[in-house]
Each structure stands twice: as C-alpha cells, then as structure tokens.
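If you want the building blocks of each chain, they are given just below.
4 protein chains.
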Amino acid sequence: MAWCEYQTTAYIVEKLSPLSFKLFLGKDVSDSDARMGLPTQEEDQWHVDRARKNGVPHELLEKMKGNHTGLVAQLDTGKPGKHMAFRFDIDALPIHETQEVEHAPVKNQFASRHNGQMHACGHDGHTSIGLGVAHLLHDLKDELTGTYTLIFQPAEEGVRGAKSIVQKGWLDHADLFLAGHIMHQPEGTIVPGISSSLATSKYNVVFSGVSSHAGASPETGQNALFAAATAATQLYGIARHSGGATRINVGKLIAGNGRNIIADTAYMEIETRGETNELNEYVSSKAEKILKAAADMHDVQVSTELVGKGISAQSDDIWNEIVQSSVSDSTYVTHVSPAFEKIGGSEDATYMMERVQAKGGLATYLLYGSTLSAAHHNPAFDYGEGVLAIAVDSLIHIVLNQQI
Amino acid sequence: MAWCEYQTTAYIVEKLSPLSFKLFLGKDVSDSDARMGLPTQEEDQWHVDRARKNGVPHELLEKMKGNHTGLVAQLDTGKPGKHMAFRFDIDALPIHETQEVEHAPVKNQFASRHNGQMHACGHDGHTSIGLGVAHLLHDLKDELTGTYTLIFQPAEEGVRGAKSIVQKGWLDHADLFLAGHIMHQPEGTIVPGISSSLATSKYNVVFSGVSSHAGASPETGQNALFAAATAATQLYGIARHSGGATRINVGKLIAGNGRNIIADTAYMEIETRGETNELNEYVSSKAEKILKAAADMHDVQVSTELVGKGISAQSDDIWNEIVQSSVSDSTYVTHVSPAFEKIGGSEDATYMMERVQAKGGLATYLLYGSTLSAAHHNPAFDYGEGVLAIAVDSLIHIVLNQQI
Amino acid sequence: MAWCEYQTTAYIVEKLSPLSFKLFLGKDVSDSDARMGLPTQEEDQWHVDRARKNGVPHELLEKMKGNHTGLVAQLDTGKPGKHMAFRFDIDALPIHETQEVEHAPVKNQFASRHNGQMHACGHDGHTSIGLGVAHLLHDLKDELTGTYTLIFQPAEEGVRGAKSIVQKGWLDHADLFLAGHIMHQPEGTIVPGISSSLATSKYNVVFSGVSSHAGASPETGQNALFAAATAATQLYGIARHSGGATRINVGKLIAGNGRNIIADTAYMEIETRGETNELNEYVSSKAEKILKAAADMHDVQVSTELVGKGISAQSDDIWNEIVQSSVSDSTYVTHVSPAFEKIGGSEDATYMMERVQAKGGLATYLLYGSTLSAAHHNPAFDYGEGVLAIAVDSLIHIVLNQQI
Amino acid sequence: MAWCEYQTTAYIVEKLSPLSFKLFLGKDVSDSDARMGLPTQEEDQWHVDRARKNGVPHELLEKMKGNHTGLVAQLDTGKPGKHMAFRFDIDALPIHETQEVEHAPVKNQFASRHNGQMHACGHDGHTSIGLGVAHLLHDLKDELTGTYTLIFQPAEEGVRGAKSIVQKGWLDHADLFLAGHIMHQPEGTIVPGISSSLATSKYNVVFSGVSSHAGASPETGQNALFAAATAATQLYGIARHSGGATRINVGKLIAGNGRNIIADTAYMEIETRGETNELNEYVSSKAEKILKAAADMHDVQVSTELVGKGISAQSDDIWNEIVQSSVSDSTYVTHVSPAFEKIGGSEDATYMMERVQAKGGLATYLLYGSTLSAAHHNPAFDYGEGVLAIAVDSLIHIVLNQQI
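Residue numbers (the working numbering), protein chains in the order written: chain S, 910 to 1313; chain H, 910 to 1313; chain W, 910 to 1313; chain P, 910 to 1313.
In case anyone wonders, no lab produced these hints; they're calculated from the structure. Among these hints, one or two may not hold up.
Which copy is meant is left open, because identical chains are indistinguishable; a pair holds if it fits in one copy or across any two.
In silico DSBU-like cross-links for lysine-lysine, where the CA-CA straight-line distance does not exceed 30 Å [unchecked claim]:
(1) K1198 <-> K1161
(2) K1198 <-> K936
(3) K1050 <-> K1161
(4) K924 <-> K988
(5) K1198 <-> K988
(6) K1016 <-> K974
(7) K991 <-> K1050
(8) K1050 <-> K988
(9) K931 <-> K974
Next comes chain S alone, as it looks inside the complex (with noise of 0.2 Å):
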C-alpha cells in the first residue's frame, strides 16, 4: 500500500547492504511535505505492526517512521564520467489475488502472502530489475565512470511519491534518465522513448453537511449526498477540448448514514486527466469550481485534497536513439519497436523526466515486453519472468555504451 512499503524497503535494504552503495533511508529520500496520498494513522499502524511482527528491524522502522518509505542507492565509480539515474517502483495495490489455480502464482506457490495487497502492476518486477541492475553495476564498477543513483520509489499506484523525491533534489544532477515498465508485448521486445502518458490529478473530497429526520423535519437537514450527487452528474458534463482528449471520472462515491436520514457527510475519489499538463489543468480547474458550487449549492462544507498528481513528459529523441542503438545489442533482447502514440494510462516518472530535462540533462521511458496473463491491475495479472532478465540486461548495455 501506498506510502506503507515498510517490508518491501526493508527487503531492499538488505540485498543492497552488501554491495558498494551508499543507501539514503527515511527522510533522506522524500520531501516529506510533497508526498500526496498519505494513509491514515491507523492504516499506517497496521502496516507497521506487520512489518515489526515479521521482522523488520526497529532502528529501520524508526528511520522509516511516518511513512517515509522507499530508499536511493548511489554508486559514485569516484572517476569522471556521466550521472545515470533510474527510477524502479517498488509499491502493490490493494487488490485481493485470485485463487484460482490455473492462476501461475497459485499454482506455483508465490502467490500474494498479505492478503489484499497484490503485485498487480508487476512493481515487484520493477524492483527486481533494481535490484539486478545493481547487482551488475556492483560486480562491473572498476570498469565503470561516473555516478549511479538508484530511486526505489513508493507510492507510484495514485501518483503520490516521485514527486517528493524531485523535490529532495535526487534529479537535479542526473545527466541522463532511465525509468520502465513491463507491458503487454511480446517477451524479447523493448519500447523506448514512451511520450504520451496522460496528465493527471487525483482528489479525496469530503462534503459535510448537517443531519435531520427525513420524515420529521427534512428542512433542518444539508444534505452532503445530494450536493455530492450534483457534483457527480456535472463533473461529466466539463466541456471537451479542442487542444486535446481530457477524462474526468468520480470513481468512488459513499455518502449517508441511513435510509430515513438526510446524509451528512460524503466521501468522493476523483480524477482528471489531460493529453498535456495545460488539458489536466483545465479539467482539474472546472471540477474544484463544480465542486466547490455543488457545496455552496446544498450548504454543505467540501473540502477537496490532491491525493496524487502525474504530469505529461516527452521522452528526448537524441537520447531514444541512443537506448534504441544499446538495447539492440543485448542477446535478450529480440525485437525494439518504435514508440507508442497512445497510452491510456498516467504515471509519475514524469516529474523527474521534466526535472532532468530543466536541468539540462536527457530523459527516457522504456517499455519492457512481457506476455500478461491478465490486464493490470486485475486479480488474476501475472507476467512471464523472462522479462527480467531481458530488462536488466537492456539496462546494463546502456549503462555499457555511456561509458567514457
């Protein structure tokens, strides 16, 4: 879960304790004022009893305390050369794994142990592929330049972490940067230079209103799910753009007490998004406008909270080619196709895309082939573990080229 990564951390921090790197823990990572999204006391409790129950060390838990989870590692080859960052999710979602038994991991036992919280996105891919980069570039450093910093990030899912970290200041340095995903394609194919995920921000809002008796007295009552209801109905109808494809979704809606009540409160999840930052920004302003109105309309308070914002980034051309021409040379890798022109979807590697880039430096997104057993994000998702392999070593032969 978002932000509650406190095992996974953990599990990081032990396999990169034995190589060259020197870890950034806790604080040292994220700017703590950035983070979006964060749980509540008591969800965070839960996560860190679990984590303590099966073993996490205390000093560990106490440096990670509050939710700062997620670690960077930096291997600083002491010679000159060039500043390579990546950036590996490392967080699971809140999904129950199927039990079916055609199911791979079902059948082969690896299956999610915390029930309710599923690998669904294949972040414990992503991480693995960390944490085999690493690994390489530890048994490769005497042959290596420059500098290597490794961004383990939390709370990818609802685009709440990357950019806590940009403003820690981890990019500002970065020469170039890599960040990845595995997708539904043939296992063997690399992606490179993806452009087009969509801008995006995400909202809790709370309407809170006033309770009466509905039949006894309904004029007392201000009522939190009608303005919810109204707010919900108006959010669809925001006017499409001419400049590009904009979405709006209330996703979540739970509102009322009970049947003879007037509702006095109720909890909405929202989101906008845009083909560019500009489209997002026009979506998100109309609905904090509607939302606002739709409280003012009922007399009701609103409070709304970003829980998550991803912006849009484009990949540079010159750089594309240069992971283009270095990933053809790995053995692994069978096939490297052109760019998408469309992803549906959002993701927030973006903000130290763009941070990169104001800082001069040249940014990247890979696509890594696997064949899905089911979409993301569904119970029953699963990849083939070729793809790791197939990816670290696509890394490392870009690392390879870049040397000096």
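For chain S, the structure is supplied; the task is to place chains H, W and P on it using the hints.
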C-alpha cells in the same frame, strides 16, 4: 437487528412460559413471504451463532430458523367477551450506543451489551410493557372475560414486520386493538388516538453496469455511479402534491470500486412517505419510474427491492374516547393529551389497525410520555423507567373497562 | 398588462369624476420604487401610444407617465365614523381570448378588444364592482359616517402592485379593510374570511455567459444554457418543509442562439410559494442560493430580479363574523359559506391586510360566487354578470352595518 | 434559408440559361425524402411569396414547389474524357448582418437585402465561383473532353442538403470530384486535400407533457421543461471516447408558457460530432438514449427529428497531388498549403466525396484563402472579392490538366 431477534424472543418465551398464555412461535407468527427486508444469510448466521453461544436452546433456535422471530401470546378466559389485541415491538437498531459517562445506561451499567446494536427507539421498553401487561392479565385472569392476544412483533424498524403478522391472520378476529410508543412528553402523560403517522415505502436499489479504465477506455464503461447520482438528484425533484405532505429521501449511496475505474455498481437506500397511502403511492410510483429511467439513461441495469412498507391509519374516535376515559382512571396518569395533529415518522402497526377495522373492530394508537435524554435513533437516547409502570397501568385500566 | 393600465385607469377616472370622490392619480397612488415587475420601456411606449390613439387625454397620460397607473378614490363624509378601505384590482392578462363562437363574450361581442390581452381572471368584474360601490356610496353619502377609500390597484397579476400602494401609506389609517375575488361557486354564494392564499415570490433570472463554436472550441464557452438547466433541475429538489406546504416552479426557460453555439444567455421565470411567509422565505432563500451556485458552477453571471411578491395573511375572525352576518342581510345573497381551508393561488391584497392589522385595524377577504365557463387564466374564462350586483350589494350591506 | 433558395436558384438559372449547359431543376435535383431539416409550410410560403413579388417567374416557382431548390448544370462535350463534378453551395444564414458603417458591405451598399438573412459563410462567393467556372467551361467547350457536372447545392448549413442530391444519383458517374470553401488564409493561398471535417448529427427535439397550475396542483403536471433540463445536463455528460474527439451541444432550449404553469412543452436544438462517423454514431446513439430516458423520467413524450447529418470523409492523396500541382500553375495562386490537420466544423460535401469514392472515383476538398473581416457566421463576416477570381482560375487549371 430486524428478523434476528433470536435472543429477545427467547427471553420473552422464558418470561411468559410460567404464565397461562398459549405461545405461538416461528412460522406460526408471520407469513414467510410477506416479511420485508430480510437480512443476508451471512448476517443471519452471525446472529444465530451469537444466540446459541449466549444460551438460546437448540429447539427454540430450530423453531425460529430462517428469521422467524417474534411471538404471539394468547390468553383465552373461556368466558364470552371482547377479543383484545396488543402490539409490542421488540427490535433494536444498528446504532453504537454512546460511551459518554453521563449517559445513564453507561453510568448505571445497563447500556447495550451487543456492540453496534442499541435499543435507540425504546422497543426494550415496549417489550417490558408487554411483559408487564402479560403478568397482570395472568394474575387477573379469573376476573376477566374474552380473549387477549399479545403480539411481540419483530422488525418494526424499517416497517418490515407487521404486514406479515397481519397476513397470518392474527388480527382477523380482534374486536379492539391497541399499540403504543414511548414519546418525548412529560412523564405521566398519555396521548391516545394518534392517526397521523406517515405512509411509507422503503427500497434498496442496486444499479449494475460495466467497469472500464477511466483513462484508456471511458466509452466502454456503463457507469452505475453516474446512474445512481442522476437518480438521487432527480428523486428529490418529484413534484410536491397539493393533497398533503410527501417525503423522499436517499439516505445512503455507495458506488464504485476505485478512482480510475468507471463504476460498475451502485447501491442506494431510499424511502418515500406520504400523509396518506395515496400520497405515498404517488411518490413511490414516481420514484420507481425515475430509478428505471436513470438506469436506461446510463445503459445499466437496476433492481429495486421493497424492504419495508408502512401505511397511514386512522384511530377510531369512539374507541379513543373510551381509552381516554379509561386511562384517566389510572392514578399513574397525570395528564391525558388530545392527539397531535402531525407526526413526521412512520409505523407499521398501521397494518394491524387497518385489518382490525376492515373486519369490523376498533383500533387506536397511544403515546406514553417520558422525558427523553436525546431524540429517537440518537446514540444518546434514553427514557425514564417510570414510563413502564404508567403504560402498563394504563393498558390494564383499558382492559378492565372492557369487561362484561 | 401590469403597469400599463392607462386606458382602464382613464375609464375609471371618467366614471368617477362626476361623483363626490377625491381622486388621486399617478405618483400619488404608489411608491415608485416599491413597484415590482415593471415592463420594458418599449412595451410601455406601445401601450402609451395605444392609449393616446384611443383617446386618453394628454394631461392624464402625463400624470400616469412612467407606469404610474391605477387610482385611489376617497370619500370623506365629514362625519365621525369608521374609515373603510376597499381594494379592486383592474389589470388584464397577456392571454389570447378564445375565438370559439360558443364562448359567450364572442357570441355577444364583448370579447377582448386588444388582441393578446384578456380579462381572464375577472378583474374587469372587480373594476365594475368598485364602480358600483362608488356610485352607491355617492348616492348614500348623506346617510353615511366616516371615510371611504376605494383603491383601484394595477398589477395584481404577478403580485407586483399592492406593496407599492401600501408603502405610499394608503392603508395606514383604515379601520376596516375588504378585498375580494370572483370564484367558481354557485351564483349567490359569498365566502368571507379567506386566509390561506400562499405567500409567493416571483423572479426573472438571467444567466450571462460567453458563446463559442461548439465544434471548434467548446472549452472557451461559458455555457449559460447548461447553468440554467442545472438550476432548473436543482430548484425542484429543494427539500420539503415539515412546517407546511411549499411550492417551486420554473415556468419558462429560454436559452441559446443556435444549435452549434455554446449558449451565452439563458432566461428563466420562476416562482416560490409557501403556506406562510416563513415557508416562502425558506424556499426563496434556497432558490437564490441555487441560482448563484449554478452560475458559479458554469462560470457564468446570474442576475435575479424579484418581479413580484405576495405574502400570506389571516382574515380577522371578529370582522369575518360581522361580514357574514351583514351579507346575509342582502336579498341577492343566497348562501354564505364558511371559509375554505386551502387556496392554491396567491394574492397581494395580503400586503394591505397585513398593514391594516399592523396599524390596529381589521381585514378580511371575500369570494363572490359565479359559475365560470372555464378556469381562471384560461382563454375561455368567463363569468356570469349576475355576480356583479351580488357583490356590490354585499359590500354596501357591510358598509351600512358599520354606521354609527 | 435552407430549402427556400428560390430567388438564388432563379438567379443562377438566369445566368446559366444563355450557356451550353443542360439545366436540371426541382425534383430532378434531389431525392425528396432524403432532404433533411425542411422548413415549416408557413416559412416556406413566406419565401415563395417574396420570390414571386421579386419577379421569380411562375413556372419556375412551380417547378421548385415544395422546397425543391438548387440546380444541377451539365455540360457534355461529346468527346470521350473524364466526368468531373463540382459542388457549389448557395444558401444563406438566418443572421442579421451588422449595420456598422465600417463593415464593407454596408459602406459599399451590397449588404444583405433581406433583413435577417445573410451570406455569413460566404456561399454567395461559392455561387459566384460556380458561375465563373460555368462561363469559362462554356467558352472553352470546344477544347474540352468529357463531361462537367456543376451542382449548385441548397441547404448546406445544418448539413441538410447534400445527401438528397447523392441519393438522386448525381455523383454515381463522376470520375473526379471537387468542393471548396472560402477560409481565413492569406489571399492567394489554396489548401487542397482537407479530410478532417467532423461527422455530425443535428436534432430538433420536442418534449410534450401536461400543464397544470404550479400552486394548486403541481402533481398533475407532466413537466416538459424539467425533462428537457434533465436531458441537457445529462447530454453534456456523455463519456469521452478513447478513439478520438467527440462533441455534444445543446444550443437552444425553449420551454414553458408562464411562471406559474408546469410547462407542457419544451424544444431543444442539439448536435453531436465525432472525428469519424463511428465516433459521431457513438455520441448520437448515447444522446438518443438520454433523450428517451429523460422523457420517461418525467412522464412526458419526446419526438426527436434528425434535421441534418454530415459524415467525415478522406480526400484522395493521388488526386490531391494532381490538384496541388495544377493550381500551382495558376498565376493567381501565390501559395499552395499542405492540408490542415484539424477542422472543428462539419460539411456535407462529404456525402458526395464518399459516393464518388464508393463508385471508384477520386475526390478532394479545397480551401480558398481570403482575409476575413470576422469569423464565419458572425454578423460582421466579409471576405475580399479577390478570392473569387483566384478560385475560378484554380479550378479551371485543374480542369485543363485533366484533358486527354
């Protein structure tokens, strides 16, 4: 909880068994198919298990199996005379009783034993009054004429239970009928002749659509949340009626699975009310039309279940006058108030009143005054125990007044 | 048409000039700023021109200039006695009278002379009754004591005129007040003591946005039609009130310029009502909030003009009884009915009643029975002329009964 | 006005009669039943009368009777060769031309002669271009080979006319097709190969309910205004489509008769659009569902009339290239621009393009540059006359290039 009053029924059985009443239990009490708003099997099992653990005998549980709670106790004096029927409702509410120390049941340690289930409408008092009346009828039985039917009704909350008892025929032979409720009035006050409870219908509504990714393919979703929000805003707009007061409420709305998913399901709890049955029918037929059309509008399915229904009923003037003069004779009663004109709430004893009257009998409804610590259905609700003796003595005075 | 009764006022002046009344015209009749729902200058000019063409003298038109129509006629007997005030409303409605030959005014050739303007609420009858009363007061003046004020009120339709006359002070010294209306009851019936007209507020609402091409740049529009449609659906959803009947209606909505243009303007005519002034205020304040929020929601401006307002008022019981017994003495009157409990409509004579009562006087409102050919405001509306004499005789009997 | 171009058609007949074209008029031009968005009989009669008064000969009016306006002019050279078809649209818009003196048509006294009817989209220019092309074809006819069909199309605005001409078969034998439009570009610029006009559907919608007095009997009304307002708010909420741009607009809404009457009628003008025909079908089928459900929701009837429809079409690349090189030869043409990617508007020449291509021919659409004084459909719209000669010369160069 409605239809899960296993322990309460067992308690009443225990108290009445030593007396001269014939007890009717299980399927003898109610018409199975006319019961409304039954719990899920899971909820039921939980209550059965708890009742068993708390010592309710196996054969009694067997008799009540499948939510056949409540009981009817009948005393036949063997002497010609009036057949009098009484209704006492016995169910609790799914409310967490306040833990504040100044709340009398907390201070005096008789607060709810079952967490999240509270007698927040005083039906434990009604049950006690019923038991008190039973004891006195037993004691006085040699002096009495006619027949006495005491109905301990389950599932009054949500107006789910009375109709099924009526359908079983228990009111078909009553010459005189009495039901009552503890109400916020000075202790010692009795208010006979209430006529104006609102007719009401209670619905659970489920919209079923098709989910899709809100970013990648919004057009393939069939948005159940949008349909429900549309229905909610439209339901409140049902036209007022020149014939009298009407009510509509959407008290609860739960929809969707996640922020970035077009919602494939939505659940609503709604109710309609009217000063008369016709007015309630007006609102509820409009509501059904709106629910159907909101589903059509968004290409989703809707299922609407009637989980409770109450009708309006008139107390009989001639019987009210007898009741008024009878209770005036009680030394416990300090004030007999004329009937109030307006009650914002609903009740299903009205089904019993209607049946008694249809068969040529007379019916009325009384309020028993007590200074309440908080409104009905409030977590801090409590009444003064003084009302119990006053109510019992009032009813017995009415009984005595009817002897040949 | 409201505030354009130039010819009707001139006609009344002509009829009253020979009598012993002092006539007050123009700005002496009403407080200019308290008039509601004035016509546009263009509409006014059209009526002034028509009046001039039809022979209304120049100096009279000058006096009424700027919609100062209506008049007050006062007879001071010079002898001590009660001051009695009467209200007669004189305005027509913008309705095209039916051309059907079986419609009596068509058959007998006294149908509307001005196309699209019809006395479809019987105010021509009320005017005639006022003139009849004036003639009899004139004839009887030597026998009478006290003072008689006859108010010929413009702009009763839409409840726009009475308040401005009250503000001018005409009701401040009246001891007794009478107003009345022709109503569908058997001819010969008089119903004194009406109390239950609904309080009401009438608004014209204009939403102003920004147009844009719906295909090329939907995002730059600020959609006034969408704001108005939102307001309309929300207004109907204002919560019912446990204190009594309320009403809300959006009777007219005109928005937009063309199919492919985002609408930059929308116009609505709405009204609120309540059994009491408080209930009407409840609805109208909710309505104002909704209108404002609907505009905010769609980034448009809204201007809301109060174009009419009526209050609820109570007839005085003591005065009702006197009126009842007085009219019973008239040989024209065959039946005196007790007051009806509910009237769905509204009236602004209530402002006059309220002021008289506030100053210590007594007020009542009568209905004059007549078998109507069609409902009020219907193009086929007509009443039997018999009611005119009955009403005049009733009022004169009341006058005579009040002599010292 | 659409389908009322009686005078314009007569003018074209007058100009073409002396030439060597065979003229087709009346029912020979279009398939009567495939015409969309016909005027009311009253509107038609008004235009027929005006045309007669302005000297259009009786027999010509008889031929065009029943809105069979427009004409087809055909020149058969008698020599084998290509069959080329051209579309020129001739209709005006119901717009009041500005009276500002700086507006060139005002200054130079050629502004709209018919008040409220203006060539605000430049179709008078298109007509002139067609006549110019006709004269040159006539002059050059001895040098030409093949056949030339000039279609002077009525009712392009609102995309109502083209389909009926296609249905009549006029495009079934064309080898090459050209249509064009004056557009805001520097004079001398020609832009061949436009492909991206939006597919669109235009609807007039009428909701019919039952009126009632909003104060006295709100419950008996069947509120057409409420249904229309509901439909409007819901239409804007149709889900965006991942396949490309879509549009929806409610451009006009007129409902209700008076403030205090539940509205029994509402009229809406709406349109849908899509980047492809499939996208437009997606939106329009959703829209139809919403309209039906909004009516059901409020117990009113709805009738939805398709009054215009345009499809998207692709210009043929091979033909574009020929056109580009041909117009480059014209000394009038200073710049040939590549086709724009996005046009926010719609056009029904696309029906003709589609039919030509379906029968094996080639089609393209050109823009003729002119510095416009204001946007299309604006009351201050005007173009520079220079564009007329440039367009004619461009088309003739294309013709000459196609000779055997």
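Within, between, both or neither: K991, K1050 at alpha-carbon 30 Å: Within one copy only: 14 Å inside a chain, 73 Å across chains, cut-off 30 Å.
K1198 and K936: within-copy, between-copy, both or neither at 30 Å Cα: Result: close neither inside a copy nor across copies, 35 Å intra and 47 Å inter.
Homomeric proximity label, K1050 with K988: Cα distance no greater than 30 Å: within (10 Å within a copy, 82 Å between copies)
Up to 30 Å CA-CA - K1161 versus K1198, copy category: Cα proximity of K1198 and K1161: in one copy and across copies (19 Å, 25 Å).
Alpha-carbon proximity context of K924 and K988, limit 30 Å: This pair counts as within: shortest intra-copy Cα distance 25 Å, inter-copy 85 Å.
K931 and K974: within-copy, between-copy, both or neither at 30 Å Cα: within (20 Å within a copy, 66 Å between copies)
Up to 30 Å CA-CA - K974 versus K1016, copy category: The answer is neither: 36 Å in one copy and 40 Å across copies each exceed 30 Å.
Identical-chain pair category, K1198 with K988, by Cα at 30 Å: So K1198 and K988 fail the 30 Å test inside a copy (54 Å) and across (68 Å) alike.
30 Å Cα threshold - placement of K1161 relative to K1050: Neither way: K1050 and K1161 sit 49 Å apart in one copy and 61 Å across, limit 30 Å.
Of the numbered hints listed earlier, those contradicted by the structure are 2, 3, 5 and 6.
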